[in-house]
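Spelled out, the chains give:
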Amino acid sequence: MAFALLKYGLGFGKFERQFPKQKDLKDSYDVVIVGGGGHGAATAYYLARDYGITNVAILERGYLGGGNTARNTTIIRSNYLTPEGVKFYDESLSLYKDLSNDFDMNIMYSERGHFTLAHTDAAVRTSRWRAEVNKHLGVDSELVFPDEIGKICPQLNLSQDVRYPVMGALYHPPGAIARHDAVAWGYARGATMRGTELHQKTEVTGITRSNGKAVGVETTRGPVKAGKIIQCVAGRSSLLAKMAGFKLPIKTVPLQACVSQPLKPFLDAIIVSGSLHVYISQSSRGELVMGGSTDPYGVYQNRSTLEFKEGLMAHMLELFPFLGEVKILRQWAGMADMTPDFSPVMGETPVDNYYIDAGWGTWGFKATPVCGKRNAEMLATGKVPEVLEPFRLSRFNEFHQVGEKGAASVGH
Amino acid sequence: MKIMNCPLNGPRNISEFVCGGEVTVEPDPNRCSNEEWADYVFLHDNDAGVVCEWWCHAPTAFWFIAERNTLTDEILRTFASSELFSERQDYSRPEQEAGQ
Numbered sequence: 001m002a003f004a005l006l007k008y009g010l011g012f013g014k015f016e017r018q019f020p021k022q023k024d025l026k027d028s029y030d031v032v033i034v035g036g037g038g039h040g041a042a043t044a045y046y047l048a049r050d051y052g053i054t055n056v057a058i059l060e061r062g063y064l065g066g067g068n069t070a071r072n073t074t075i076i077r078s079n080y081l082t083p084e085g086v087k088f089y090d091e092s093l094s095l096y097k098d099l100s101n102d103f104d105m106n107i108m109y110s111e112r113g114h115f116t117l118a119h120t121d122a123a124v125r126t127s128r129w130r131a132e133v134n135k136h137l138g139v140d141s142e143l144v145f146p147d148e149i150g151k152i153c154p155q156l157n158l159s160q161d162v163r164y165p166v167m168g169a170l171y172h173p174p175g176a177i178a179r180h181d182a183v184a185w186g187y188a189r190g191a192t193m194r195g196t197e198l199h200q201k202t203e204v205t206g207i208t209r210s211n212g213k214a215v216g217v218e219t220t221r222g223p224v225k226a227g228k229i230i231q232c233v234a235g236r237s238s239l240l241a242k243m244a245g246f247k248l249p250i251k252t253v254p255l256q257a258c259v260s261q262p263l264k265p266f267l268d269a270i271i272v273s274g275s276l277h278v279y280i281s282q283s284s285r286g287e288l289v290m291g292g293s294t295d296p297y298g299v300y301q302n303r304s305t306l307e308f309k310e311g312l313m314a315h316m317l318e319l320f321p322f323l324g325e326v327k328i329l330r331q332w333a334g335m336a337d338m339t340p341d342f343s344p345v346m347g348e349t350p351v352d353n354y355y356i357d358a359g360w361g362t363w364g365f366k367a368t369p370v371c372g373k374r375n376a377e378m379l380a381t382g383k384v385p386e387v388l389e390p391f392r393l394s395r396f397n398e399f400h401q402v403g404e405k406g407a408a409s410v411g412h
Numbered sequence: 413m414k415i416m417n418c419p420l421n422g423p424r425n426i427s428e429f430v431c432g433g434e435v436t437v438e439p440d441p442n443r444c445s446n447e448e449w450a451d452y453v454f455l456h457d458n459d460a461g462v463v464c465e466w467w468c469h470a471p472t473a474f475w476f477i478a479e480r481n482t483l484t485d486e487i488l489r490t491f492a493s494s495e496l497f498s499e500r501q502d503y504s505r506p507e508q509e510a511g512q
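These protein sequence lines are chains H and A, in that order. Per the numbering used here, the very first residue in the first sequence carries number 1; after that it's consecutive. Per the numbering used here, the very first residue in the second sequence carries number 413; after that it's consecutive.
Since the hints were derived computationally from the structure, they do not count as laboratory data. Each hint should be verified, as a subset may be incorrect.
[Stated by the list, open to error] In silico DSS-like pairs for lysine-lysine, Cα to Cα no more than 30 angstroms straight-line:
(1) A:414 x H:405
(2) A:414 x H:264
(3) H:309 x A:414
(4) A:414 x H:251
Please model the entire structure based on the sequences and the hints provided.
What follows is the structure in structure tokens.
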């Protein structure tokens with residue numbers, strides 16, 4: 001290791017760039033992907049790998065994976081409530097399992113087991129409902145009770161003498177975490193290796209339309225013509241959709257999270273509590289990654305608030321009283337695009353040749369591979385894949401929502 | 413704690429308030445199309461910048477209107493809804509349906 005570093009330091013040995021140098025923007029591309037996060041990069045990756053479509057530009061206003069891809073709490077699971085949701089997220093989970101091999105890059109996918117704690121009769125009922133839907137669709141998911149939880153996760157405070165005692169939990173053994181940056185880098189590297197162009201610091205400022213069709217984008221580096229356009233911009237979806245001329249069923253609300261100082265590994269499982277608005281996992285660096293509910297009102301800002309920390313920590317201490325002396329190391333927030341039914345908005349839009357990948361409230365990171373793969377299929381074939389169909393934008397006009405509130409988020 | 417000025421109760425902690433969403437014009441529920449109603453119920457401008465919203469002071473159930481900047485998280489102005497609305501919304505059913 002030391003000699004290898006010295007060799008590079010002295011200028012010997014071949015240095016391979018992870019990404020090719022950024023080129024000048026061309027006048028036109030077959031596909032323009034707005035947003036260089038996980039979803040945008042994954043779309044480019046599968047377009048190039050599975051369909052050989054490489055005359056593609058990813059336009060990113062900041063830097064690769066610098067938005068919500070870098071701000072989530074990296075939990076991957078598929079124990080949702082509706083059959084549509086379970087199928088969609090389970091396809092994502094199975095793609096995640098092979099991703100390190102696909103990329104030839106370690107995304108540190110780590111299967112931990114995932115507990116959704118139930119503190120009320122209603123939550124136990126929802127857990128049982130989810131377990132049955134999951135099992136019916138072949139997803140490993142089980143309703144467990146405190147004695148079983150204690151065997152797998154003895155660190156958890158299962159005392160019944162607390163304000164919200166644990167009555168049971170939905171146990172989902174395939175629940176996992178992964179390194180979020182590596183997911184964006186792996187997808188982007190795989191795409192750029194095959195000829196796709198990644199343009200960072202290139203902000204889209206307008207969508208050019210002609211006869212109800214999207215034909216190009218205005219950017220801070222000049223106009224670009226496009227055969228097809230897809231927006232994958234997470235927290236700025238409504239603003240971009242407005243440029244394209246339509247409204248979305250989205251409210252943008254900050255979602256705050258934080259990590260503790262690193263501790264020796266003691267917590268294998270991922271613990272989530274909907275009633276206590278808290279989720280915790282221990283990262284491979286030993287930090288406890290903690291998040292809670294979304295903020296009570298919308299702002300386009302990544303600020304952190306003391307109220308959030310106080311609430312989160314009070315509940316954390318109820319579950320893990322021995323963490324009282326542990327310090328918070330970092331805090332941050334991401335922009336969560338909350339939809340009324342807690343499901344994403346995918347597929348076609350009122351504008352021809354303009355596709356959408358949006359509505360990612362607190363469930364975006366785990367859906368990265370399936371979105372990339374199915375977006376690519378949609379852009380290449382012109383047909384909306386069956387697995388994306390339930391999440392169409394027009395479901396709101398048809399009053400045909402996919403209600404995932406009981407399974408998608410801890411903030412409700 | 414962030415402070416919001418309630419037109420009825422004066423300055424209070426923002427945790428006492430509930431955001432009720434954008435101030436929009438409600439279409440006539442008896443005459444509008446499904447699309448218009450879905451637009452009203454589900455779709456939002458969700459602007460980055462100054463927005464005009466319904467807010468409620470939960471302990472007193474008082475609804476009012478606030479202008480705030482979603483980029484800076486600043487509350488610019490709060491005022492009673494009577495500044496914008498002079499009549500109560502009439503939710504009674506149209507006469508021909510009333511007997512059904």
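These are the hints, each one checked on the structure:
For the proposed pair residue 414 of chain A and residue 405 of chain H, the alpha carbon gap of about 28 angstroms is at most 30 angstroms, so the pair holds. A threshold of 30 angstroms between alpha carbons decides the hint, and for residue 414 of chain A with residue 264 of chain H the separation of about 37 angstroms lies outside it, so the pair is violated. At roughly 15 angstroms between alpha-carbon atoms, residue 309 of chain H and residue 414 of chain A fall within 30 angstroms of each other, so this suggested pair holds. This hinted pair checks out: residue 414 of chain A and residue 251 of chain H have alpha carbons roughly 21 angstroms apart, not beyond 30 angstroms.
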